[in-house]
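Protein chains: 2
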Amino acid sequence: MLDCLGGDEGLPAMLSGAVGALQKHADLRLVLVGDESVIKPQVAAFGERVEIINTTENIPLTEHPTQAIRQRPNSSMVLGLTQLKTREDCGAFLSAGSTGALLTGGFMKIGRIEGVSRPAMCPDLPTQLDNQTFMLIDCGANMDCTPTNLVHFATMANEYKKAMGLTNPRVALLNVGAENTKGNEVVKQTYDLLTKLHAAKLLNFVGNIEADQIFKGEADIVVTDGFSGNVLLKCVEGTLKFLFKQIKQVMTQGLTAKIGALMIGGKIKKFKKAKMDTQAGSIFLGLKKPVIKMHGNAKSDTVTAAIEYAISVADLDLSDKIAAALAQVEPYLAGDEQA
Amino acid sequence: MLDCLGGDEGLPAMLSGAVGALQKHADLRLVLVGDESVIKPQVAAFGERVEIINTTENIPLTEHPTQAIRQRPNSSMVLGLTQLKTREDCGAFLSAGSTGALLTGGFMKIGRIEGVSRPAMCPDLPTQLDNQTFMLIDCGANMDCTPTNLVHFATMANEYKKAMGLTNPRVALLNVGAENTKGNEVVKQTYDLLTKLHAAKLLNFVGNIEADQIFKGEADIVVTDGFSGNVLLKCVEGTLKFLFKQIKQVMTQGLTAKIGALMIGGKIKKFKKAKMDTQAGSIFLGLKKPVIKMHGNAKSDTVTAAIEYAISVADLDLSDKIAAALAQVEPYLAGDEQA
Numbered sequence: 001m002l003d004c005l006g007g008d009e010g011l012p013a014m015l016s017g018a019v020g021a022l023q024k025h026a027d028l029r030l031v032l033v034g035d036e037s038v039i040k041p042q043v044a045a046f047g048e049r050v051e052i053i054n055t056t057e058n059i060p061l062t063e064h065p066t067q068a069i070r071q072r073p074n075s076s077m078v079l080g081l082t083q084l085k086t087r088e089d090c091g092a093f094l095s096a097g098s099t100g101a102l103l104t105g106g107f108m109k110i111g112r113i114e115g116v117s118r119p120a121m122c123p124d125l126p127t128q129l130d131n132q133t134f135m136l137i138d139c140g141a142n143m144d145c146t147p148t149n150l151v152h153f154a155t156m157a158n159e160y161k162k163a164m165g166l167t168n169p170r171v172a173l174l175n176v177g178a179e180n181t182k183g184n185e186v187v188k189q190t191y192d193l194l195t196k197l198h199a200a201k202l203l204n205f206v207g208n209i210e211a212d213q214i215f216k217g218e219a220d221i222v223v224t225d226g227f228s229g230n231v232l233l234k235c236v237e238g239t240l241k242f243l244f245k246q247i248k249q250v251m252t253q254g255l256t257a258k259i260g261a262l263m264i265g266g267k268i269k270k271f272k273k274a275k276m277d278t279q280a281g282s283i284f285l286g287l288k289k290p291v292i293k294m295h296g297n298a299k300s301d302t303v304t305a306a307i308e309y310a311i312s313v314a315d316l317d318l319s320d321k322i323a324a325a326l327a328q329v330e331p332y333l334a335g336d337e338q339a
Numbered sequence: 001m002l003d004c005l006g007g008d009e010g011l012p013a014m015l016s017g018a019v020g021a022l023q024k025h026a027d028l029r030l031v032l033v034g035d036e037s038v039i040k041p042q043v044a045a046f047g048e049r050v051e052i053i054n055t056t057e058n059i060p061l062t063e064h065p066t067q068a069i070r071q072r073p074n075s076s077m078v079l080g081l082t083q084l085k086t087r088e089d090c091g092a093f094l095s096a097g098s099t100g101a102l103l104t105g106g107f108m109k110i111g112r113i114e115g116v117s118r119p120a121m122c123p124d125l126p127t128q129l130d131n132q133t134f135m136l137i138d139c140g141a142n143m144d145c146t147p148t149n150l151v152h153f154a155t156m157a158n159e160y161k162k163a164m165g166l167t168n169p170r171v172a173l174l175n176v177g178a179e180n181t182k183g184n185e186v187v188k189q190t191y192d193l194l195t196k197l198h199a200a201k202l203l204n205f206v207g208n209i210e211a212d213q214i215f216k217g218e219a220d221i222v223v224t225d226g227f228s229g230n231v232l233l234k235c236v237e238g239t240l241k242f243l244f245k246q247i248k249q250v251m252t253q254g255l256t257a258k259i260g261a262l263m264i265g266g267k268i269k270k271f272k273k274a275k276m277d278t279q280a281g282s283i284f285l286g287l288k289k290p291v292i293k294m295h296g297n298a299k300s301d302t303v304t305a306a307i308e309y310a311i312s313v314a315d316l317d318l319s320d321k322i323a324a325a326l327a328q329v330e331p332y333l334a335g336d337e338q339a
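Chains as they are written, first to last, in our numbering: chain L, 1 to 339; chain X, 1 to 339.
Pulled out of the complex, with its shape left as it was, chain L reads as follows (with noise of 0.2 Å):
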């Protein structure tokens, strides 16, 4: 199920990356929610593999999430939730719409997956490893965090790791240092839990790793609080906008270094897309069914890569994995402070 309103490019992008997606699943079923005057003629060729639900309302960036949720019924967003949560035969939604809102409505109209004390945003992020990401969970939904949070976010992204057919998933802590007595009160109690898990071999625990360290591919997964993932997110990404901004002005100072700009930009775009597009979309972790964030500026292609990774996680039962996973983890958190 796609949220056709949501995101910076609007309706067509949507659209053209649903047909796109269509053309290559020749089994693929899209419910998607958005104005069926528009939608309709564009999908007629697909026939019954597509369903509309129609609506023009859409969540505004700018509204608080809550409010948002409660107050638009009739929103794209919360339509396609409401309809996700009962309808068997929807396996997943996706949306580019507000962070916030789909986080705040998976959480209000799909909700937790039973044992989870708080869903994450995980997106992966890529690795100097050639077709190696880590996943990097919580980054921005739980502000506050206790060291069982942080040890349902280890086990929530070590089932979905295993799911994709990963062996063994490393799972580090994000930490200032490599030492277990470094870092606040929470990760050192965490470091402890993570320990325990580690021995009774319910998951693979590295350690400690530091934020310089996170692109060497060590890990498959680095733990922290909402805040400092959020922190640790966005300084990637304003320290690549600032790294291209400044490479680009010293490429087009004087004629030499401008055609040596010219003989590589090429290459140097074509590095940023492989390695900064490797995910077209970042799944919800925690919530019953596949929730899946779009980027705000996702174009056609991207969209359709969306829907492709979809289509592979909607069929993973994590939802069963996952509450069996933190089940078996339950009695090792015993005496620590719930969320």
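Some clues are possibly wrong.
For identical chains, the list gives no copy identity; a pair is met inside one copy or between any two copies.
What the hints assert, rightly or not - Derived lysine-lysine pairs resembling BS3-like cross-links, with alpha carbons at most 27 Å apart:
| hint | residue 1 | residue 2 |
| --- | --- | --- |
| 1 | Lys-248 | Lys-216 |
| 2 | Lys-241 | Lys-182 |
| 3 | Lys-299 | Lys-162 |
| 4 | Lys-245 | Lys-216 |
| 5 | Lys-241 | Lys-299 |
| 6 | Lys-216 | Lys-241 |
| 7 | Lys-288 | Lys-245 |
| 8 | Lys-40 | Lys-196 |
| 9 | Lys-299 | Lys-201 |
| 10 | Lys-248 | Lys-162 |
| 11 | Lys-299 | Lys-196 |
| 12 | Lys-288 | Lys-201 |
| 13 | Lys-321 | Lys-85 |
| 14 | Lys-40 | Lys-24 |
| 15 | Lys-162 | Lys-241 |
| 16 | Lys-162 | Lys-288 |
| 17 | Lys-196 | Lys-321 |
| 18 | Lys-196 | Lys-85 |
| 19 | Lys-182 | Lys-216 |
| 20 | Lys-216 | Lys-40 |
| 21 | Lys-85 | Lys-245 |
If you are wondering where the hints come from, they were derived from the structure by calculation, not from laboratory data. All of these numbers come straight from a predicted model, not from anything done at the bench.
Assemble chain X onto chain L, guided by the hints.
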């Protein structure tokens, strides 16, 4: 006063950096802490301008800071800090040794300025604007911070920037969004306190800043706790390294790219040097006398630059200015949990 034994490059780099500073500044007097038998012949030409405190003991990077300071009274760092405290003719202490030991040593041997709850690490970082940097405070000294701690950081950095000649420094709070409802509990309370201080004209609070905005040059001071600050600082380093590595790879694939790379490589190196080495030394704010950390891999010219930085801060009267500012701020913090 210069710790000649700390740092990856050891005594030769420190010594040659010191000689460089002595040559450039005819009125500079230096106390060098290190192996007299090696230092003495090299600085003979400067006569009484150089004093040597003889020791061959250095604090290993791997040693626990508090233990190291307690158990190595004859190390170059402890000898230097102890003398700095009492000697009126010494304006600052510089070291490229263990950051943790230097901070702990500063705290234990020099002591805090009156009213300071916690000293902080606060490097200046580059922005995309020429000749403009911002101070990130704290970035690793204090893991668990109260709103009071954060307000103290803001106040100390504000006094420092003003003393360095900046009019009305713009103070921003690191957060995950622009609105005052964003962030964890500590950050939200800090936002309210800084807003009050702004209304009282005690500092110029410009609001929240997100991690992807820090390079835009819209803030002179970015306030955060030591955990998030450390994550941010290391993330910048890690992302830059990651990107330069990838770009290097891209540039050496194929002949055209290689030639192009040759044509602009020098400019990129120059940019890296100009932007990334903006600061030779980083001050710890909150100690009674300036203690300056040099990068572990500081080489001769960086050491010279750091000594010149030390000269510039030694006469700022920071201690009195910070104490006076904190006394003004204190009434606004009433009721907030003290650190």
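(message) Treating 27 Å as the Cα threshold, decide for Lys-85 and Lys-245: within, between, both or neither.
(response) Neither. Shortest intra-copy (44 Å) and inter-copy (45 Å) distances fail the 27 Å Cα cut-off.
(request) With 27 Å as the alpha-carbon cut-off, assign the pair Lys-299 and Lys-196 to within, between, both or neither. (result) The answer is neither: 44 Å in one copy and 43 Å across copies each exceed 27 Å.
(request) Give the relationship of Lys-162 and Lys-288 under a CA distance limit of 27 Å: within one copy only, between copies only, both, or neither. (result) within (18 Å within a copy, 53 Å between copies)
(request) With 27 Å as the alpha-carbon cut-off, assign the pair Lys-216 and Lys-40 to within, between, both or neither. (result) neither (47 Å within a copy, 44 Å between copies)
(request) Have a look at Lys-241 and Lys-182 and pick one of within, between, both or neither, based on CA distance no larger than 27 Å. (result) between (31 Å within a copy, 24 Å between copies)
(message) Within a copy, between copies, both or neither: which one fits Lys-245 and Lys-216 at a CA-CA cutoff of 27 Å?
(response) both (24 Å within a copy, 11 Å between copies)
(message) If the cut is 27 Å between Cα atoms, do Lys-288 and Lys-201 qualify within a copy, between copies, both or neither?
(response) Classified as within: same-chain Cα gap 26 Å, cross-chain 50 Å, threshold 27 Å.
(message) Reference check for the pair Lys-248 and Lys-162, CA-CA at most 27 Å: within, between, both, or neither?
(response) Answer is neither: 40 Å inside a copy and 33 Å across each miss the 27 Å cutoff.
(request) Since the copies are identical, ignore which copy is meant and state whether Lys-299 and Lys-162 lie within 27 Å (CA to CA) inside a copy, between copies, both or neither. (result) Neither way: Lys-299 and Lys-162 sit 30 Å apart in one copy and 46 Å across, limit 27 Å.
(request) Can you give me the call for Lys-299 and Lys-201, within, between, both or neither, at a CA distance of at most 27 Å? (result) neither (42 Å within a copy, 46 Å between copies)
(message) One pair to classify: Lys-196 and Lys-321, alpha carbons no more than 27 Å apart. Within, between, both, or neither?
(response) For Lys-196 and Lys-321, only the intra-copy Cα distance (20 Å) is at most 27 Å; the inter-copy one is 49 Å.
(request) Classify it for me, Lys-196 with Lys-85: is the Cα-Cα distance of at most 27 Å met within a copy, between copies, both or neither? (result) Result: close neither inside a copy nor across copies, 35 Å intra and 45 Å inter.
Checked against the numbered hints above, the structure breaks hints 3, 7, 8, 9, 10, 11, 15, 18, 20 and 21 and satisfies the rest.
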